[in-house]
Structure formats: C-alpha cells, structure tokens
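Trainee: Starting from the known structure of chain P, arrange chain B on it as the hints suggest.
There are 2 protein chains.
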Amino acid sequence: MSDKVRLALDVMGGDFGPSVVVPGAEIALSRHADLEFVLVGDERQITPLLAANPRVKARATIVHADVAIRMDDKPSRALRYGRRVSSMWRALDEVKYGRADAAVSAGNTGALMAMAAFNLKTMAYVERPALAALWPTLRGESIVLDMGASIGADAAALVDMAVMGAAMARVVFDLERPTVGLLNIGVEEVKGLEFIREAGQILREANLPSLDYRGFVEGDDIGKGVTDVIVTEGFTGNIALKTGEGTAKQIGEYLRSAMSRTWRARLGYLLARNAFATLREKMDPRKSNGAVFLGLNGIVIKSHGGTDALGFASAVDLAYDMARYDLQAKIRSMLEAYHALRPVPPAAPVEAAS
Amino acid sequence: MSDKVRLALDVMGGDFGPSVVVPGAEIALSRHADLEFVLVGDERQITPLLAANPRVKARATIVHADVAIRMDDKPSRALRYGRRVSSMWRALDEVKYGRADAAVSAGNTGALMAMAAFNLKTMAYVERPALAALWPTLRGESIVLDMGASIGADAAALVDMAVMGAAMARVVFDLERPTVGLLNIGVEEVKGLEFIREAGQILREANLPSLDYRGFVEGDDIGKGVTDVIVTEGFTGNIALKTGEGTAKQIGEYLRSAMSRTWRARLGYLLARNAFATLREKMDPRKSNGAVFLGLNGIVIKSHGGTDALGFASAVDLAYDMARYDLQAKIRSMLEAYHALRPVPPAAPVEAAS
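Going line by line, the protein sequences match chains P and B.
If you're matching positions, the first sequence starts at 1 in our numbering and goes up one per residue.
If you're matching positions, the second sequence starts at 1 in our numbering and goes up one per residue.
If we strip away everything but chain P, and leave its shape as in the complex, we get (with noise of 0.2 Å):
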C-alpha cells in the first residue's frame, strides 16, 4: 500500500446513492488527509455534486457504470444483470486489481456479498466470509460476527471466525492479545449447541498467542463489553443486532414521550438537553454504522442503506483504519498461525465447481 489510502465508493449504492455518498466523502476526508477515493457510478451524477464537494472533487476519480444495483434484488439476480457492468462490482474490482485498498458500499447486502466473494474470492483456510459489526457497550465497543453473511455454521466456522474478528479487534482497537468469547445460552461448558461447545474446545486448547478465549457469553453480555469479540453463526447474530437495534429504538420512543407529557417534564428536558444531546449521540447508529466482510481477497465494507453522509463517514472511517492498519495481513498471518497448530493439513483447495 501506498502512503494514501485509496477507497473505491459504489456510489450508487443505499437508499440515496450519490447524494449520500459524495457529502460522506467529503465528511470523511475532513478526518482523513490522505484518504483518495475512486468513485464507480453514473458519472452524469457524481459530477453535478462536485461543486458542493471541493475535498472529493480534488481527490477524486470517477469510474463510470452505467448499472445500480437495486436494492431489493435476490443475490442471483443481481449478479445476472450486475456482472462486470454494476457499480457494485467495479467498486469491487477496484480492490481486486490494486487500484484501490478497500470498496464501500451501502448497496442491497446479499448481492455485496454474493459478488464480494465471487469476485474477489475467499482467503486460503476460509469457506464463508462473515460480516462483523461494531457494537456499542458499556466498555466502549466489541466486534459481533457474523451478522448475516451466511446462515449455518459448524464448529471450524465458529474459530475462523473467531480468528478474524481479532484480527479485526488488534486493527480497530489497537490490542496485542483480543478477549474472544463464543455467545451461547449459558455459560457453562455444558450448554447449548454441539458446534458451539466443540468450537469452544478448539479454541480452548489452541491457545493462541493473538487471542484471548475467554469462553461462552450470552446475549446480555453483548452490552456489558465482556469480550472484545462475540463470535456467532449469522442468522442469530442477525437476531441478535436487530432486536438489540429495536429495543434501543423502543426505550427511545418511551424517553421522548414520557418528556413531553407534563411541563415539568418539558422543563427539565430543556435544562438537561445537553445531557439527552450526549445520550443521543452515544446511542447514534450511524457513529458505528460500518460492518467489514471478513475473510476475503480484498478488504468490502458495507454501509447501511438508509443512513445520511454522516453515516457513510463512519463506514469510509472504517474502510480507512482496516486498510490504513492492514487488517489483510492480521488475518492471513492469524489464520496461518492457527492451522499451523492443527493436527490435520488444511484441505486442499477445491476444484473450481462454479
């Protein structure tokens, strides 16, 4: 990597495409002097937005495509119609031909995924990619994978990702040695899954230099911050952020209207409104908006769709620190090292069967 840092942003991607995208960029370089940015879309949209974007319009390059992605379209769909022409994928190839350190887009996420893995491919040792999230606890905040990529997972599953997300924690939150621990419903090493207890003991007697098994947490322990990284199989991580997200939504709806029933009520609000102001704020999604694919040839952030510039930035930060840190590099060489240890030889690489 160069002394910059050079993003590739599929700009069409989320719920309001470039509008978005370019401010967030702008937002981003405000952060970040040595931050360059390719952006890959209709270039008949990006230009009209450079003017109000004087960063982005010094650092930019446009990448033209004539094709979004939509944001409803099945994986399989999408890559009939987005292959080779979408702005999704030529973000993507920014990555996979060096021209860029990282992509980020806020595009329909089963197709970022889907063309995420066919076109950069998986890392040597891994089988899924896993999407990690940050999560804001008490602690300040934890790494929760995987949140969706894929839905099952066995027990050799549970480590690599237990591996990569602290790879992910040593470049996010600068630590030689991660906490790791695998959520479960209960702590005891008798209970819950199978493949959760058997990813435990691997983990367990490993004992890996660069990460530090801390043992079964459960969905309460998310918030506390007890391990650096929560480790789980995407469907209940997916549960699991969103019912987090809903409740945080639900107490905040219980806050406002419980402070505008009576006037004393008002009145306080008005003089504590500096203290609601840093509630607010801690409890902003778009502060930790931002999920890394974990397991690539190719650094991919995805954004959410529907946040503003201010979230985008956050997840351009994000594809930033992975690339700035080289979080490539942490994974391979963690992952090295743990099937170094292994008793059996990694399998071979497949045939391609695709």
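Just so you know, the hints here were simulated from the structure itself, not pulled from any lab data.
Warning: the hint list may mix true and false statements.
Any copy will do: because identical chains look the same in the list, a pair fits if it lies in one copy or spans two.
In silico BS3-like cross-links for lysine-lysine, where the CA-CA straight-line distance does not exceed 27 Å [unchecked claim]:
{"no.": "1", "residue 1": "Lys121", "residue 2": "Lys74"}
{"no.": "2", "residue 1": "Lys249", "residue 2": "Lys282"}
{"no.": "3", "residue 1": "Lys96", "residue 2": "Lys121"}
{"no.": "4", "residue 1": "Lys4", "residue 2": "Lys57"}
{"no.": "5", "residue 1": "Lys224", "residue 2": "Lys282"}
{"no.": "6", "residue 1": "Lys57", "residue 2": "Lys96"}
{"no.": "7", "residue 1": "Lys121", "residue 2": "Lys330"}
Mentor: Okay, now just chain B, sitting in the frame of chain P:
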C-alpha cells in the same frame, strides 16, 4: 375448575426462596380475591412468615417438602435428588393430581423444565414444551416463544408453537384471532432457514380461524409489537431475549450517567422525575416477569430466579390468568383443530421408551 383459582407455589425456588415467594403471594392476593395457595416447601421456614402476610395465612395450606432444588444444578442431577421429594416436584404434583390449577416456581429453569416434562408429560400432538414470555413493546406486549425450553426445532415444532402461542394470546390479550409472525432474518419469503420457510408455508396454507399468520418478522420488529405472537426456535429466542434485556440495561446506565454529570442535568432530572418514574416503570422487568411452559398437561409458570416480591407477584398474576381463562382447554382445542386439517394423521403415540 372451581370458582377459586388455586395455585401451587414452589416456595423454595429462586435466589431468595420463602422471603420473596410468601410476600409475593400476599401482593397477588390483594389483586385477586379468589386466589388460594398451596405453599410447597420447608414448613419451618414458611410458618414464621405468615404473621406478616395475613392474606396468605388465611388462604393457604402448606405442603411440606424437605428438599430444595439448587439454582445451579444440571437438570439430570436435580431429577436424581429432587424427584418426588423436592418442593419443585411436589408443586407439580399438586397440578398433576388436580389439587391446584397451576404451579409457579422461581427455581432453576432447566430443572423445572425437566421435572415438568417428566411429571406432567406433554399434551397430545406436542413433542416438546416451549417457554413463552411476555415482551413489552411499543404497542403493549407480545408473546415470544420459545425462550429456550429446547434447542433446535423443525417446521412442525414451529407450527405447534404458533398454535400454542396464539392460544396463550387469546387468554392474555383477550383476542379472537391473534396475529402471529415467524422470526427470521428477512421478511421476504425466500429468506432465512429452510425449516422456518416451511413452517410459514404450512401456517399460510392452514389459514386457521383462530390464528392470523402474518409472515416473517425481524429482530427489530419485536419491540415494535408488529404481531401479538412471535415464534422462534429456543436458542435464538433465548439470545434475542437476553440481548434485548442487555440493551435496555445498557441504555439505562447511559441515561443515569448522563443525568448526573452536570448540575443542570441533575436539576432537569429532579423536575422531570415523574417522567423518569414512568419510564422506569415501563422498563421494569418485574412487571413482565413470568414465562409459561406451553404444551404440558398442566400450567407451569417460571418466574425469574432473582426477582423480588413484586416481580414474583407478576408471575402469580400470570398463573392466575392462565388458569382462570383456561389456557389448557384453548391450547387443546386449537391443536386439535389444526391437526384435524393436516393431510397426514398425527403420529401414533410412541411406546414408553423412558
């Protein structure tokens, strides 16, 4: 059932045993004059508490039991030393032999599940009981099941849970045709796990008169209260419940900390304290304490182990409603109506293998 509702209380269950259960029963009696109790546990610990709880004293009989199930024992171990002799088992006996309309225990969940299934047996058609909880939502409350009575499920088990959950909703919410959703990671019919899609298809095609199937719901739909009943497999349900609880605690912590940081915030808090009291009440887990085992030959309610008298009283209220409005008959008739529709006859009862 007589004109009284008679509940068997496992007085030794929970972290605090009689010192919470007896005062909890006293509170519930102040709300339901037609309640009677069978207090099952150590007579020497129960009797001294009756003076301070005169309503209970007037309306309860004591069934002595020497053995109390410990909160951290594995179910198999609890069954070994607690079968027939423990307060938990004997509270279930009261239901089994028709001397009580329901049993309430704040004891060890796994042990209660095992003893209840072993002692009361499951209803016809039901392979495994499910644990259903009341979840506070923006619309009021929803019923979510299974909260972890068993791990893993197939389509048939999810459909049975939908039917049983709807029967419970008819009792708790007094609805003719409760709405039901299946928890999944996308609302589109093509998404998620195979057995969930299959359950959705069965429910849609059955089009039951007593259950309005509304399709898939996501984690963030639970707090919105989009359906009266939300059905999921036990592992995921437990993770969702605890993640929601954890998020609520986390936000409460943020709020406390924000409101005490400056004098303006503290003053604002004082002015708005009635509003905060309302909020606290809405978020009070004691108010929705109590989960119901569905699918057993008898009503069994599980209270949180760590709750206080007010929380235990909520679990008693729930038991009262379930018994008073005849949950069991509603579940039976709905299960029969559903299975009568099925193209294949129900499986013949298996030979007792245990």
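Trainee: For every hint, state whether the structure bears it out.
Mentor: Results of checking the hints against the structure:
1. Proximity of Lys121 and Lys74 under a CA criterion of 27 Å is satisfied intra-copy only: 20 Å inside one chain copy versus 45 Å between copies.
2. In this assembly of identical chains, Lys249 and Lys282 lie within 27 Å of each other by CA distance both inside one copy and across copies; the values are 13 Å within and 14 Å between.
3. In this homomeric assembly, Lys96 and Lys121 come within 27 Å of each other (Cα to Cα) only inside a single copy, at 10 Å, whereas the closest approach across copies is 60 Å.
4. Taking CA atoms no more than 27 Å apart as the test, Lys4 paired with Lys57 passes inside one copy only; the shortest distance there is 16 Å, against 78 Å between copies.
5. Within a single copy, Lys224 and Lys282 get their C-alpha atoms as close as 14 Å, and across copies as close as 21 Å, so both meet the 27 Å cut-off.
6. Taking CA atoms no more than 27 Å apart as the test, Lys57 paired with Lys96 passes inside one copy only; the shortest distance there is 24 Å, against 77 Å between copies.
7. Taking the closest pair of Cα atoms, Lys121 and Lys330 come within 27 Å of each other only inside a single copy of the chain (18 Å); across copies the shortest separation is 54 Å, beyond that limit.
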